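> Sequences listed follow chains B and A, in order.
In terms of our numbering, the first sequence opens at residue 1 and continues consecutively.
In terms of our numbering, the second sequence opens at residue 1 and continues consecutively.
Honestly, the hints are just simulated from the structure, not real lab data.
Heads up, some of the hints might be wrong.
[Stated by the list, open to error] EDC-like cross-link-like pairs, simulated, lysine to aspartate or glutamate; straight-line CA separation at most 20 Å: (1) B:197 <-> B:104; (2) B:222 <-> B:212; (3) B:58 <-> A:113; (4) A:271 <-> A:311; (5) A:229 <-> A:197; (6) B:215 <-> A:269; (7) A:319 <-> A:277; (8) B:58 <-> A:277; (9) A:199 <-> A:29; (10) B:254 <-> B:154; (11) B:197 <-> B:182; (12) B:209 <-> A:29; (13) B:253 <-> B:73; (14) B:58 <-> A:311; (15) B:158 <-> B:74; (16) A:357 <-> A:404; (17) A:271 <-> B:212; (18) A:305 <-> A:197; (19) A:271 <-> A:318; (20) B:215 <-> A:113; (21) A:305 <-> A:404.
Here the structure is a predicted model, which means the values were calculated and not measured.
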Amino acid sequence: MSASQSSVPAGGSRKILVLGATSGIAEATCRLWAAQGASLFLVARNADKLAAVAADLKTRGAAYVDTAVADLDDVTQHPALLAHAINSLTGMDIAYLAHGILGDQARAEQEFATAAQILHTNFVSVVSLLTWLANFCVQRHSGVLAVISSVAGDRGRKSNYLYGSSKAGLTAFLDGLRNRVDREGVTVLNIKPGPVKTAMTASMAGSEKFADVNKVAQSIVKAIDSRADELYVPFVWGPIMFVIRHIPERIFKKLNL
Amino acid sequence: MPATAAPTAAPDRVTSEASNPADGKIPFESWGRYPRYGANIVPMHWQQDFPANIAGLHNGALPVGMGRSYGDSCLLKDGNLVVTTGMNRLLAFDPATGILTAEAGLTLAQILDFAVPRGFFLPVTPGTKYVTLGGAIANDIHGKNHHIAGTFGNHVTRFELVRSDGSRRVCSPTQDPDWFRATIGGLGLTGMITWAEIKLRPIVSRLIDYEGIQFHGIDEFLELTEQYKDVEYTVSWIDCASTGANFARGVFMAGDHAQVPGELTPSPEPKLVFPFEAPGFALNHTTVSMFNTVFFHKQLKPHVKTLQDYEPFFYPLDKVLHWNRMYGKSGLLQFQYAIPWETAREGTIRILTEVAKSGLASFLAVLKAFGDVPSPGLMSFPQPGITLALDFPIKAGLTFPLVERLADMTLDFGGRLYPAKDAAMTAAQFQAFYPQWEQLARFRDPVLTSSFWERVTGDRPVL
């Protein structure tokens, strides 16, 4: 499709909106874009962290960096925030949605408010953002919507099914959205990382064996450049999740996963 | 001062103290892999994380980076290690002045990846680039250009120091200069360095104008040192396994950044990894003697001149990740002294004789003349004179007694040892090497300590 080929200029001149810019994976990805000379609009909750990330990306060579402090749980703010960001960037080639929480599974099992919070941050707020962003892109027949989901969304497991179901809902939403907007020249990339070594996972057992965040970021940049639909990263999680999805339920329900 | 006994135990007993990861205590290894202690790891990703990330934790804390210190100055047995490597952002760079501001967990390798393509280089670099900016300041590290450029701390213009009470101060030679001085070479004990500003130096090429000259004996080394005193980088490898006619033979290596514009590409990632722990007998007198003979004759002529990439010139060992596994599971003991000029020649000959006599050959021995640029830190190791760095495989009953003898000899010659490379000096030796230690003790953050500090001061805060 010629519209889609021309819609993401390669290399430096790209205008990228990053939501959840202080997340470990988002920051690592932005460092690669900054080195290419991209223009970045960064959104995160914590002003101090956001300032440090912005300074880093500016120093590494980003052509332009602007920021906004926002709590993305507040969906009523989304339209104004997105309009402001796109004004600041004078357009948008890529929207990169990286915010999310792991949540407290044990607490969520006992207390609906905790469960609802996980679903709200990881699913509802993303749907709100993507609804606005998808319509923006469809009008222009261009753009990439790159969204971090998780392998945990491929099958619910007792150890993290609230997080998993928020990501499963997101995956279904992204599949449907892609089916709608692909023909309009808009790409929807569902990024499914396995466990990655970041601040979010630093306290988890075995985290020193998790995937290197810089390698994950390289794969994400490549997948966006090639306009892929789905990315398992590291790659090995593709076949692993294929197997896990195909374990018969009568066996799966007995496993400790 | 009560001297604590030198640890002469067989290493097996010590390694068993490493706690089981299942109880949450992860062994964070120092580069010598001796001693090994379990500790609670507290990751640090943001400048604001400290001190909240140690709130309520008992048994003290210590900021650590890449764990490239050889002994126990980057360890805190059963305490909390605040690992700063996740806090690794660049904050500002001015190509007009070369001033770089960065978070303290950034490594020198990451600084080079950024700086070299822009035509800049570190003002001072140690023999590995896998150390953090904060670690470079806390140990006031030195490099092959000490006789021209002084220590790393000489090129630090400012940094922020955060104390466990939450207070933050920006320190420089003119702003809170006493805190600045105590923190440079302060072994991470004065507080958490969150960011620092350093002055990079311009380069026009990755290449080094290199000269390698074989020498025989300390007098030839001293002549070469004098002859090459205007060359920026000088260092010598010395064979300490040989006696007789080959005693103290070595290769004097000198280099300047090439003046002819050349490539300024970033370095590739290292691909070689030392894959397993070598068996304990792998490094014995015979294999080390063979290595030393090969190294001496590697350059086929007594004097070579060539252009060399900066990676093999500065970081020959970084090419193989985890090369310390070569020393097997018992680890290695480093020993580095700085002896002042008045006694440097005699002291060096006597210590090399003692090493050769011991039969415990040092695999890598590095000899260098320190210059007279004053060190900026209260506890900085370098002083004008000769420095010699040795590393020994840990052999039960042999290594520790030898190193203790060498430390006493160093003291007799008016020298001192390098805390970053020590796992053996006694409290009495340390306090004689660094009579100013009590000044550092007053600047120490009451919550921060290290196994090294406890060993050489007998001081463990009750927390």
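> Please go over all the hints and tell whether each is borne out by the structure.
Against the structure, the hints:
| no. | hint | in the structure |
| --- | --- | --- |
| 1 | B:197 <-> B:104 | 19 Å, holds |
| 2 | B:222 <-> B:212 | 16 Å, holds |
| 3 | B:58 <-> A:113 | 16 Å, holds |
| 4 | A:271 <-> A:311 | 14 Å, holds |
| 5 | A:229 <-> A:197 | 29 Å, violated |
| 6 | B:215 <-> A:269 | 12 Å, holds |
| 7 | A:319 <-> A:277 | 17 Å, holds |
| 8 | B:58 <-> A:277 | 43 Å, violated |
| 9 | A:199 <-> A:29 | 31 Å, violated |
| 10 | B:254 <-> B:154 | 18 Å, holds |
| 11 | B:197 <-> B:182 | 32 Å, violated |
| 12 | B:209 <-> A:29 | 16 Å, holds |
| 13 | B:253 <-> B:73 | 33 Å, violated |
| 14 | B:58 <-> A:311 | 28 Å, violated |
| 15 | B:158 <-> B:74 | 29 Å, violated |
| 16 | A:357 <-> A:404 | 15 Å, holds |
| 17 | A:271 <-> B:212 | 16 Å, holds |
| 18 | A:305 <-> A:197 | 36 Å, violated |
| 19 | A:271 <-> A:318 | 10 Å, holds |
| 20 | B:215 <-> A:113 | 16 Å, holds |
| 21 | A:305 <-> A:404 | 40 Å, violated |
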